[in-house]
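Chains as they are written, first to last, in my numbering: chain A, 1 to 350; chain B, 1001 to 1314; chain C, 2001 to 2336.
Do not take every clue at face value.
Unchecked claim - Covered stretches of chain C (chain A as the covering partner; in silico rule of three or more C-beta atoms under 8 Å from a C-beta of chain A):
no.	stretch
1	2183 to 2195
2	2212 to 2221
3	2257 to 2271
What the hints assert, rightly or not - Some chain B residues judged to face chain A by a derived CB distance under 7 Å, without partners named:
no.	residue
4	1191
5	1201
6	1205
7	1211
8	1214
As the list claims (entries may be wrong) - With a cut-off of at most 20 Å between alpha-carbon atoms, the simulated EDC-like pairs for lysine to aspartate or glutamate come out as follows:
no.	chain 1	residue 1	chain 2	residue 2
9	C	2084	C	2112
10	A	30	B	1131
11	A	89	A	99
12	A	78	A	106
13	C	2126	C	2093
14	C	2196	C	2302
15	A	78	B	1066
16	C	2147	C	2117
17	A	133	B	1202
18	A	133	A	171
19	C	2196	A	277
20	A	89	A	47
21	B	1078	B	1066
22	A	78	A	99
23	A	30	B	1132
The set of hints was computed from the structure by calculation and includes no laboratory data.
It should be emphasised that the depicted structure is a prediction, and the values quoted were computed from it without experimental measurement.
Each residue gets a CB set at the ideal place from its N, CA and C atoms; glycine is no exception.
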Amino acid sequence: MTEITEATAALAARSGVPLIEARGLSRHFKIGGNFSRRSLHAVDGADFVINHQEIVALAGESGSGKSTVARLLARVYKPTAGEIYYQGKPLSRMRTRRDGLGYRSDVPMVFQDPFSSLNPAYRVSHGILRGLKLHRHDLTSNAARFEEAERVVGAVGLSPAREILDRYPHELSGGQRQRIGFAQALGYRPKLILADEPVSMLDVSIRIGLLNLMAQLRREAGVSFLYITHDIASARYIADRIMIMYAGHIVESGPTEAVLADPKHPYTQLLLSAVPDPRAPLNVGADTDMGEPPRVIDPTPGCRFRFRCPYAEAQCETTTPLRRQLGPQHSAACHLAQADPGFPISMESL
Amino acid sequence: MSAILVDTTAAQGLLEPRRRSGRGGLIRAVRGNRKAMLGAFLFALFCLLAAFPHLFVPWQHGDPRDVGNTPLLHPSLKHWLGTTGLGQDVYAELVYSTRESLVIALVAGLGATILSVIVGVSAAYLGGLADDALSLVTDVFLVLPTFPLIIVFATYAGKGNLAVVVIVLIVTGWSYGARQMRAQGLSLRNRDFLVSARVRGERRSYIIMMEMLPTMASLIVANFLGAALYSVLTAAGLQFLGLGDPASLSWGTMLYWAQNQGALASGFPAWALAPGLAVAALGVSFALLNYAFDEISNPALRPIRRSRVKRSDS
Amino acid sequence: MSSARILEVRDLRVEYATATGGVCAVDGVDLDVHAGEFVGIVGESGCGKSTLLFAIARLLSPPAEITGGQVVFHGRDLVTMNDKRLSALRWRDYSVVMQSAMNALNPVQSIEQQFDDAIRAHRDVKVSPVRSVEVMRLVGIDPIHLKSYPHQLSGGMRQRAMIAMALLFTPDLVIMDEPTSALDVVAQRSLMVQIKELQRELGFAVLFVTHDMSLVSHFSDQLMVMYAGQVAEIGATRQVFDNPAHPYSRGLLEAFPSIRGPRVELTGIPGNPPDLAHPPTGCRFHPRCPVVKPRCIEIEPELYQVGAASARCLLHEPGNPASVDVTVTASAVKRP
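Only chain A is shown next, with the shape it has when bound in the complex:
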């Protein structure tokens, strides 16, 4: 590809239809046995967009619904309501196996637990080769597939590739196993990789290596990432945009720096103030909050954060706030933030 056509392609990709668009995405789970009518609202009314060649972080605590969003995008679950559009086409219309496989090869997933994400009974080459067999029709022989497997293993920083492919999962370290997970995804020549907390179970000194790998893949292979995490600091490190989830809702979304510098939603503020940072002096703002994110079962209208919010008012009890734009590409779902542009007054200097 010449320089000019590359640039045009990039421009077309950027100005055209987004890679992924979710509208009103919801997923509920029935709980309590066969005859109960109670349902757990894991995700409710999520609207978001993921563009080409960008890293979007989806941050929240456990139970916020972020993993469910990833699984909805990976088609592990079907949405209870709402729709996911892939390059403008709704996923619910993809019925044939061919369409489904095509989507899966564009949108693979990397998992959190290095100890259970690879089948312990096979060598690590197994998953990669199977994936290549299913999705890469341009590779027509075993030799070609093996060569490609070596290439992707090298691309994720593991060497010597041939020897690594020959190993069993228990013979590799956690960091190496996660890299194999990325190699598997890379083999499909994907457009978007769903990374579900890929570094949470790794040692701290290994995490940076993998985060750098993700940034490198975005830059060199043009892959987008949906980076699911509970660690805001790592989200800031690699993500272009960040979405904060609480109790099934996306409560704030925007460019990473903007959201971290000027958080509009009280929950984002709370999260940020609770992140330990050895280089900054201890601030006492978040001490009084002892709460934890709720499990949302048969919710009533109203802001789901109202029980822990220091600013909650009457309308927060009755009306569920919708996410509205409050700055350039920066939106938050809070009545008070939407009413007053200067809200909230930061209690500690960031």
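We have chain A; now place chains B and C onto it with these hints.
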């Protein structure tokens, strides 16, 4: 967006030298385990006896069931375990019976295991209504009283037919294993590598056969050994009760005739005890192999001589 | 902070028995804990920090065993003490908080029953009849939850209940093994603050093991960094943070991206922690060290004094001309 430029190649380049290979480790593991060695030895012995009985009874010509001239002899140098009421050499009968008893054990054990794997794992993976239905069937078979059922079946379906015995054993023996398979299948179901296979786009049948089953290999083998043990004992019991073919050459039948002729009461214990001990010995070999497999596949059960490699700090 | 030493660990060694000989998980650790002090022990998987903790608490079971050294608590060596005298000490003078409350609490007993269990185990100690209520209040849980079962409480509350149980007899030392790792960041923060407050009120010392260095940065007085079973660096927390003397500590610190300040590229620490069955020769960190020198491969460094801390690095060997100032920059990452 700051450019983050780091050469990650150097990061994980150091590969630790391989300590042990994947499959060769099994042989080594068996060799290092006393129970496994004993069980394996016994089993090998029985296989030899079944395959080449004439090697162990070189003087026997013709069918050991042929009626002989010297009935009811005590053990002697000529007849190591004496003779039966019809003059047949007990030792020769014992050795030649190994084949049928072993075949019953292996075939019925295999059949029951296959059935329990299919039902149990499908129930676990498919979930929902399929799971409910399959579990109901399993539970029903589990609760049925096996021995009376076996007797009824065997009597109805044609006494003495070896195939009937094997089928009856399979039908009554699969449900226990199915329960175990389902339990393990359920615990495996949401493991990431299975979700990963699904996200990869594999078909469900592929996932069950090629991704789940290999990880359940040790449980399946243990199941098979348990089913084989059950089959040996139950088949012997059936034949002892006279529901087998009284003309067949098997340990249970020997017991039947010994009982019939009052061997113990008349003071010819060798005739009754020998087949009984043989059944027990085959059962013991399966049981030992079963223990050994547990220990090999689950390091936590091993006697404390080895270390556990700690992956996460503890 | 009073300078009375309540715990002195000297040259502690713990080995795991294997078919091919012993693997040394803790190799000669020294540690002093003073009354009311908060000591943080940080390190990554396999460094031996949890093994160290269990050894100090005398909770190790085969194949692990203490093969050398002393653990002197209130003047008595715990290593040589028999079980009977240990039981008298346990919970009364020191207690343990585990990593996962769900695993440590009995799922079929209510919280109150478990507290009573502990109280009854030490009949000789006089305890107020409402002690259970008192400790629940101390940790900020409504005493009504005494009747609850562990699964009915949220994760954060369970951890608090564990801490309450550990404080039943107001011990002098509370040993905690990563008590916050199962919690989310907000619950983590409030638990840490709570622990600090309790420390101030009741005056107990804390031994806190974690893999998350930044978590203890604001709460600990003394910080120990472990690597491959040895103490890599130990000293006043502020000193270790502001001026890490050991390249590993520095690498660890720099592996934490910050949410404030400028966005910088980070490199982490290349390679993997060593196999303790076959540790590297000389300094155990040398295969991954950005400033490794030829001597480091041959000589095993001791702990050398560096201001208010000590570090196990030849850079700080007395008489070493290079031991003046260690500024290791990210660009000096050495390619193996």
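Verification of the hints:
1. By the rule of at least three residues with a Cβ nearer than 8 Å to a Cβ of chain A, the coverage given for the stretch 2183 to 2195 of chain C holds, with 8 such residues.
2. Counting residues of the stretch 2212 to 2221 of chain C whose beta carbon lies closer than 8 Å to any beta carbon of chain A gives 6, which reaches the threshold of three, so the coverage claim holds.
3. With a threshold of 8 Å between beta carbons, the proposed coverage of the stretch 2257 to 2271 of chain C by chain A holds, since 12 of its residues qualify and at least three are required.
4. At its closest, the beta carbon of residue 1191 of chain B sits 5 Å from a beta carbon of chain A; the interface hint therefore holds under the 7 Å criterion.
5. Interface restraint check for residue 1201 of chain B: the shortest CB-CB distance to chain A comes to about 4 Å, inside 7 Å, so the restraint holds.
6. A least Cβ separation of about 13 Å between residue 1205 of chain B and chain A goes past the 7 Å threshold, and the interface hint is therefore violated.
7. For the restraint placing residue 1211 of chain B at the interface with chain A, the shortest Cβ-Cβ distance is roughly 6 Å, inside the 7 Å limit, so the hint holds.
8. The beta carbon of residue 1214 of chain B is positioned within 7 Å of a beta carbon in chain A (closest approach about 4 Å), and the interface hint is therefore held.
9. For the proposed pair residue 2084 of chain C and residue 2112 of chain C, the alpha carbon gap of about 26 Å is over 20 Å, so the pair is violated.
10. Taken as a hint, the residue 30 of chain A and residue 1131 of chain B pair is honoured in the structure, with Cα atoms around 17 Å apart against an allowance of 20 Å.
11. At roughly 11 Å between alpha-carbon atoms, residue 89 of chain A and residue 99 of chain A fall within 20 Å of each other, so this suggested pair holds.
12. The hinted pair formed by residue 78 of chain A and residue 106 of chain A meets the criterion: a straight-line CA distance of about 18 Å does not exceed 20 Å.
13. Pair hint residue 2126 of chain C plus residue 2093 of chain C holds up; C-alpha atoms about 14 Å apart against a cutoff of 20 Å.
14. As the CA atoms of residue 2196 of chain C and residue 2302 of chain C are separated by approximately 33 Å, the hinted pair breaks the 20 Å bound.
15. Taking the CA atoms of residue 78 of chain A and residue 1066 of chain B, the gap is about 71 Å. The hint is violated against a cut of 20 Å.
16. At most 20 Å may separate the alpha-carbon atoms for a hinted pair to count; residue 2147 of chain C and residue 2117 of chain C meet this at roughly 14 Å.
17. Straight-line distance between C-alpha atoms of residue 133 of chain A and residue 1202 of chain B comes to about 11 Å, which keeps the hinted pair within the 20 Å bound.
18. At roughly 25 Å between alpha-carbon atoms, residue 133 of chain A and residue 171 of chain A are farther apart than 20 Å, so this suggested pair is violated.
19. Among the hinted pairs, residue 2196 of chain C with residue 277 of chain A is consistent with the structure: their alpha-carbon atoms are about 17 Å apart, no more than 20 Å.
20. With a C-alpha separation of about 16 Å, the suggested pair residue 89 of chain A and residue 47 of chain A falls inside the 20 Å cut-off, and the hint holds.
21. A threshold of 20 Å between alpha carbons decides the hint, and for residue 1078 of chain B with residue 1066 of chain B the separation of about 17 Å falls inside it, so the pair holds.
22. For a cut-off of 20 Å, the pair hint linking residue 78 of chain A to residue 99 of chain A stands: about 16 Å separates their Cα positions.
23. At most 20 Å may separate the alpha-carbon atoms for a hinted pair to count; residue 30 of chain A and residue 1132 of chain B meet this at roughly 17 Å.
The structure fails to meet hints 6, 9, 14, 15 and 18 from the earlier list, while all remaining hints are met.
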